[in-house]
Amino acid sequence: NAGVTQTPKFRVLKTGQSMTLLCAQDMNHEYMYWYRQDPGMGLRLIHYSVGEGTTAKGEVPDGYNVSRLKKQNFLLGLESAAPSQTSVYFCASSYRMDGYEQYFGPGTRLTVT
Amino acid sequence: GENVEQHPSTLSVQEGDSAVIKCTYSDSASNYFPWYKQELGKRPQLIIDIRSNVGEKKDQRIAVTLNKTAKHFSLHITETQPEDSAVYFCAASQNSGYSTLTFGKGTMLLVSP
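Residue numbers (the working numbering), protein chains in the order written: chain A, 1 to 113; chain B, 1 to 113.
For reference, chain B alone in the conformation it holds in the complex:
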């Protein structure tokens, strides 16, 4: 089955800095890669996703890049703000049929004012 590795497990940045979280996956058939944000005590919520036919996708201050050859994808947050502090999860699945999501173990991002 699919295996998703996520690094780093914790990340501390100053407000205004950029943050990068990286994930690797094992199943070359995976072609859908979402990112979820979970604030303390809250439910996970989708913030951005990318499919294998796209190399990069942006939404305001967040972007995701995908390297299918290396089986690697990353979340980039620019101009970080204290409200970006949360746990971020990457995931992977096949974009066909009954394909379940496999999640990484999460990255705790702390943005200090």
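This is chain A alone, in the form it adopts within the complex:
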């Protein structure tokens, strides 16, 4: 099993450009999450999904959109990138949401200039 994978691994964007980050999991997990990690800030939840076709806002959702068209995939979109969105983005998935381990992907390092 590959577990949780993310593409791309690195990306540099100019302010105002758009892009989509792809997260895929092969563990048949129902729940998926997108976090951003900034120095000294820990992991902050952007959006999450409790099943195919459903999404919900996390702690820091502004400037991001998500979609979960297939159970195994969770997409994070930036419509108009800003320098404040420079960060490392982690996707995670879990079998259940209430008190179960979250499995993280390897991360995507995004720089917005």
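It should be emphasised that the hints constitute simulated quantities derived from the structure, not laboratory data. Among the hints, erroneous ones may be present.
Computed cross-link-like contacts, DSS-like style, restricted to lysine-lysine with a CA-CA straight-line distance of at most 30 Å [as the list claims (entries may be wrong)]:
1. B:K105 to A:K14
2. A:K71 to A:K9
3. B:K58 to B:K22
4. B:K58 to A:K57
5. B:K42 to A:K14
Derived coverage of chain A by chain B (criterion: at least 3 residues anywhere in the stretch with Cβ under 8 Å from a Cβ of chain B; other residues may be distant) [as the list claims (entries may be wrong)]:
6. 45–51
7. 75–85
Simulated coverage check for chain B against chain A, where a stretch passes if three residues somewhere in it have a Cβ under 8 Å from a Cβ of chain A [unchecked claim]:
8. 18–30
9. 63–70
By construction, the Cβ of each residue, glycine as well, lies at the ideal position given by its N, Cα and C atoms.
Mind docking chain B on chain A? Use the hints.
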């Protein structure tokens, strides 16, 4: 919402010493407390977790203690080794329904040989 405070932000120990990382949480309804370890450039990985019906849990050299009255939980690492050097994150959530994890800001542990 939940707020998780983590201390210290950095911790340096000599190999063989013990290390203790402390977290406090604000939501008395939280009852699931995992700890994640993140090595440099890698993804976070669960190392131990505890639920509110347990006061202490051990797994070889690591242990977690929970004081629900004080809303405080701690990670204890004994006989530290250089490979324990990493950033450690505590988190809290409710062990029911669609409850998301709230992470602390992390502790960078450096174990010197």
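For each hint, the structure was consulted:
no.	hint	in the structure
1	B:K105 to A:K14	28 Å, holds
2	A:K71 to A:K9	22 Å, holds
3	B:K58 to B:K22	16 Å, holds
4	B:K58 to A:K57	35 Å, violated
5	B:K42 to A:K14	26 Å, holds
6	45–51	holds (count 3)
7	75–85	violated (count 0)
8	18–30	violated (count 0)
9	63–70	violated (count 0)
In this structure, the hints that do not hold are numbers 4, 7, 8 and 9, in rising order.
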